[in-house]
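Protein sequence lines correspond, in order, to chains D, Y and W. Position 28 of the first sequence, counting from 1, maps to 342 under the working numbering, and the rest follow consecutively. Position 310 of the second sequence, counting from 1, maps to 1008 under the working numbering, and the rest follow consecutively. Position 77 of the third sequence, counting from 1, maps to 220 under the working numbering, and the rest follow consecutively.
I should point out that these hints are in silico values taken from the structure, not numbers from a laboratory. There could be a bad hint or two in this list.
Claimed, not checked - Result set (DSBU-like, lysine-lysine): computed pairs, CA atoms no more than 30 Å apart in a straight line:
no.: 1; chain 1: Y; residue 1: Lys931; chain 2: D; residue 2: Lys357
no.: 2; chain 1: D; residue 1: Lys392; chain 2: D; residue 2: Lys347
no.: 3; chain 1: Y; residue 1: Lys732; chain 2: D; residue 2: Lys392
no.: 4; chain 1: D; residue 1: Lys399; chain 2: D; residue 2: Lys321
no.: 5; chain 1: D; residue 1: Lys321; chain 2: Y; residue 2: Lys909
no.: 6; chain 1: Y; residue 1: Lys926; chain 2: D; residue 2: Lys321
no.: 7; chain 1: Y; residue 1: Lys784; chain 2: D; residue 2: Lys321
no.: 8; chain 1: D; residue 1: Lys339; chain 2: Y; residue 2: Lys990
no.: 9; chain 1: Y; residue 1: Lys926; chain 2: D; residue 2: Lys365
no.: 10; chain 1: Y; residue 1: Lys990; chain 2: D; residue 2: Lys457
no.: 11; chain 1: Y; residue 1: Lys940; chain 2: D; residue 2: Lys399
no.: 12; chain 1: D; residue 1: Lys392; chain 2: Y; residue 2: Lys990
no.: 13; chain 1: Y; residue 1: Lys931; chain 2: D; residue 2: Lys339
no.: 14; chain 1: D; residue 1: Lys392; chain 2: Y; residue 2: Lys909
no.: 15; chain 1: Y; residue 1: Lys784; chain 2: D; residue 2: Lys457
no.: 16; chain 1: D; residue 1: Lys365; chain 2: Y; residue 2: Lys940
no.: 17; chain 1: Y; residue 1: Lys992; chain 2: D; residue 2: Lys457
no.: 18; chain 1: D; residue 1: Lys399; chain 2: Y; residue 2: Lys926
no.: 19; chain 1: Y; residue 1: Lys900; chain 2: Y; residue 2: Lys1044
no.: 20; chain 1: D; residue 1: Lys399; chain 2: Y; residue 2: Lys969
no.: 21; chain 1: D; residue 1: Lys347; chain 2: Y; residue 2: Lys1020
no.: 22; chain 1: D; residue 1: Lys321; chain 2: Y; residue 2: Lys732
no.: 23; chain 1: Y; residue 1: Lys1044; chain 2: Y; residue 2: Lys732
no.: 24; chain 1: D; residue 1: Lys347; chain 2: Y; residue 2: Lys909
no.: 25; chain 1: D; residue 1: Lys457; chain 2: W; residue 2: Lys304
no.: 26; chain 1: D; residue 1: Lys392; chain 2: Y; residue 2: Lys940
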Amino acid sequence: MTRDELKAYIESNFVGRMTLLESGKVEPMYEIKADDLIEVATKLRDDLELKFDFLCNMGGVDTRERLEVIYNIASTSKLHRLDFKVILGYDSPAVESICPVWPGANWYEREMYELYGIDILNHNDLRPLLLPEDWDQGHPMRKDWDAPDFVRMPEL
Amino acid sequence: MGKLRTEEFQVNMGPQHPSTHGVCRLLLTMDGEKVVDVVPHVGYLHRSIEKICENRTYAMCIPVLDRFEYVTAMSCNYVFALAAEKLAEMEVPERAEYLRVIMLELNRIASHLIFYGTTAMDVGALTPFLYGLRERELIVDLFEMTCGQRLTYNYIRVGGVSRDIPKEFVPKCREAVKIIGEKLSDYEGILNENPIWIARMKGIGLTDPQKAIAWGVSGPVLRAAGVKHDLRKDDPYSIYNKFDFDVAIRWNGDCYDRYLVRLDEIRQSLKIITQALDGLPEGDVRAKVKAKFKPPAGEVYVRIENSRGEMGVHLVSDGSTKPLRVKTRGGSFNQLQYLPEIVRGKGYLIADLVAIFATFDIILPEVDR
Amino acid sequence: MGLIKKVPVYTENIPGGALVATSLEQVLNFGRAKSLWYLLFGTACCAIELMCTGASRYDFDRLGMIYRATPRQADLILTAGTITKKMAPRLRKLYDQMAEPRYVIAMGGCTINGGPFYYDSYSVEKGIDHIIPVDIYIPGCPPRPESLMEGCIHLQEVIRKQKLSDWQEK
Ligand code: SF4
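Could you put together the complete structure from these sequences and hints?
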């Protein structure tokens, strides 16, 4: 499907479940509610017109106002691509693990859990992935994170 | 006589191990000689590149991202520049696009030559390493001529490329293409029919296409399993649709096929470079970019076909001079994640695991960032 | 008789051969300097340049430098690449496993002070010299093979000037 066809298809088939966001001017960006995530994702994967079978990328974003989880998915047979996100607040952010839909999400979620402190529900293995085993300084990718030996680049 | 009592034990492979291509720790559970399970431990090269990019201007991000995947640093430059250009809806001069394609393909060949050398070395043959790196030097010379660096180029910038190529580039490049094309048959002659190589490679590390897709595996590993998926054709970026080339593909999904796919890809890349050199137009190499480059607020994900699969950047801008978030994606991340799936319970030996790891062509900076 | 030319010696012909007198220090230092086996320790980008230096065009072997995969057989550790906080204890361990005399070359900006990852990085060790003692620093990002070789030649000179008494104190 071309981008416009895809947009129209999503608008008619996911009424109220995927809302187009303003930030996706260049490429459409949708929002999915956190408690609806697994169902919508499964539908995106299994819909015969969409067949989004490939999770390209996912990760957390700290916008200074809220936390977000972005998902970039693609289809290897239909050759189209889609972005969506789940918006979370700062207090006890949590999303459902998306591994049952796309198993490749496993490490992305582990990474998000340790770097952003976004809790992943129903994930089978949340060991630290990238940080040292004895890390105790919090979630370094948060914008307000600081540590004694963290040197900021001086403004030029 | 009673049965010998056996028990499983654990072996650490890495983080400092010559065949883990960097610093990856594989925790192996062994039953005698056989690998029962493997758990990769990563993060030994986690350099917080994403955090650094959030505190740099767009122009300053590019040299940092060079280090994200240093074997094909041009691709990292390119994917970031592409994302920023897409956000700012910027046009790039045609000559710059041609130069970018030439550099990207040269870099792909350089990366596959390293693959050829190191894989053979991991499996026990030293000569291919010397051969592969010898030809790689020709390409490195070309890069050095254009941007003064051998490894971390900072050449492809937002809006074009940093400078035009020198006069002697085109003849030198044609010569390098010719030499590499000739040497390819040497490479194949040394390994393709070699009985030891075949015994170590054929039928080892079988991947299943459906599962591989679900795990996010891409690039040559996926193509060796019979999935014709190449972003240069499927989701064309830059000017790849102007060139005539084939997608290298094999069907068995074992180590041997992954090796063959990469050699075929070198051939296709040479073909693209020749066409790009023939069609190289005159003109500017950089669009006008303001000193304080500020793309409008928004976000975009772009992806390109790198030598290790899909490389992508999700770029979020808040309209200031610095990006709000740069989320990078490298092929190796998913490949390494998928590795235990194909090893677990298959009864491979450690030596097979080395071959699988090498032909997956995993490098750790892409995993750890 | 290459050795005789390179090491200060006293020679005198005696019936049936020659009498050679030199100091043990000279002989040991000569041996150490000319066969530096380095540990294959590459973590990041600099490792690619290290590989190139070892390969066809630059041919590291002619300096007597051959790679070893295990620290127990190595005299020299070339820290090619970024050392992160997670890797630092492992580097120390590798260094401790090497037999004395052992030498360290810090290759590249990262190992000198964090290099490009000095600012804004939460996980990179800012210089390896507070983990292990360093003999030679080679700046660059990455250093060219030529400068890597120059660094090694410098190290050889340092080794040639060593005193046996230096080792006794340790
Ligand atoms: S000094 Fe530069 S080239 Fe070397 S490891 Fe560090 S970033 Fe990479």
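Now for the hints, and whether the structure bears them out:
Using a Cα cut-off of 30 Å, the hinted pair Lys931 of chain Y and Lys357 of chain D holds, with the two alpha carbons roughly 27 Å apart. At roughly 26 Å between alpha-carbon atoms, Lys392 of chain D and Lys347 of chain D fall within 30 Å of each other, so this suggested pair holds. The straight-line distance between the Cα atoms of Lys732 of chain Y and Lys392 of chain D is roughly 40 Å, outside the 30 Å bound, and the hint therefore fails. A hinted pair counts as satisfied when its Cα atoms are at most 30 Å apart, and Lys399 of chain D with Lys321 of chain D qualifies at roughly 16 Å.
Taking the CA atoms of Lys321 of chain D and Lys909 of chain Y, the gap is near 28 Å; set against the 30 Å cutoff, the hint holds. Proposed proximity of Lys926 of chain Y and Lys321 of chain D is supported: the alpha carbons are some 26 Å apart, at most 30 Å. Distance hint between Lys784 of chain Y and Lys321 of chain D is fulfilled; the C-alpha atoms sit about 19 Å from each other, no more than 30 Å. Restraint check for Lys339 of chain D and Lys990 of chain Y: satisfied, since their Cα atoms lie roughly 22 Å apart, inside the 30 Å limit.
A hinted pair counts as satisfied when its Cα atoms are at most 30 Å apart, and Lys926 of chain Y with Lys365 of chain D qualifies at roughly 16 Å. This hinted pair checks out: Lys990 of chain Y and Lys457 of chain D have alpha carbons roughly 23 Å apart, not beyond 30 Å. Taking the CA atoms of Lys940 of chain Y and Lys399 of chain D, the gap is near 34 Å; set against the 30 Å cutoff, the hint is violated. Between the alpha carbons of Lys392 of chain D and Lys990 of chain Y the distance comes to roughly 39 Å, so the proposed pair goes past 30 Å and is violated.
Distance check on the hinted pair: Lys931 of chain Y and Lys339 of chain D sit about 25 Å apart at the alpha-carbon level, within 30 Å; holds. For the hint linking Lys392 of chain D to Lys909 of chain Y, the alpha-carbon distance of about 17 Å falls within 30 Å, and the restraint holds. Simply put, Lys784 of chain Y and Lys457 of chain D have alpha-carbon atoms about 25 Å apart, close enough for the 30 Å limit, and the pair holds. The straight-line distance between the Cα atoms of Lys365 of chain D and Lys940 of chain Y is roughly 28 Å, inside the 30 Å bound, and the hint therefore holds.
Among the hinted pairs, Lys992 of chain Y with Lys457 of chain D is consistent with the structure: their alpha-carbon atoms are about 20 Å apart, no more than 30 Å. Straight-line distance between C-alpha atoms of Lys399 of chain D and Lys926 of chain Y comes to about 29 Å, which keeps the hinted pair within the 30 Å bound. Distance hint between Lys900 of chain Y and Lys1044 of chain Y is fulfilled; the C-alpha atoms sit about 15 Å from each other, no more than 30 Å. Proposed proximity of Lys399 of chain D and Lys969 of chain Y is contradicted: the alpha carbons are some 40 Å apart, above 30 Å.
A C-alpha spacing of about 29 Å is found between Lys347 of chain D and Lys1020 of chain Y, which places the hinted pair at or below 30 Å, so the restraint holds. Note on Lys321 of chain D and Lys732 of chain Y: the hinted pairing is violated, with a Cα-Cα distance of about 51 Å set against a maximum of 30 Å. Of the supplied pair hints, the one linking Lys1044 of chain Y and Lys732 of chain Y holds, its CA atoms being roughly 9 Å apart against a limit of 30 Å. A threshold of 30 Å between alpha carbons decides the hint, and for Lys347 of chain D with Lys909 of chain Y the separation of about 28 Å falls inside it, so the pair holds.
Among the hinted pairs, Lys457 of chain D with Lys304 of chain W is inconsistent with the structure: their alpha-carbon atoms are about 52 Å apart, more than 30 Å. For a cut-off of 30 Å, the pair hint linking Lys392 of chain D to Lys940 of chain Y stands: about 22 Å separates their Cα positions.
In this structure, the earlier hints numbered 3, 11, 12, 20, 22 and 25 are contradicted, and the remaining ones agree with it.
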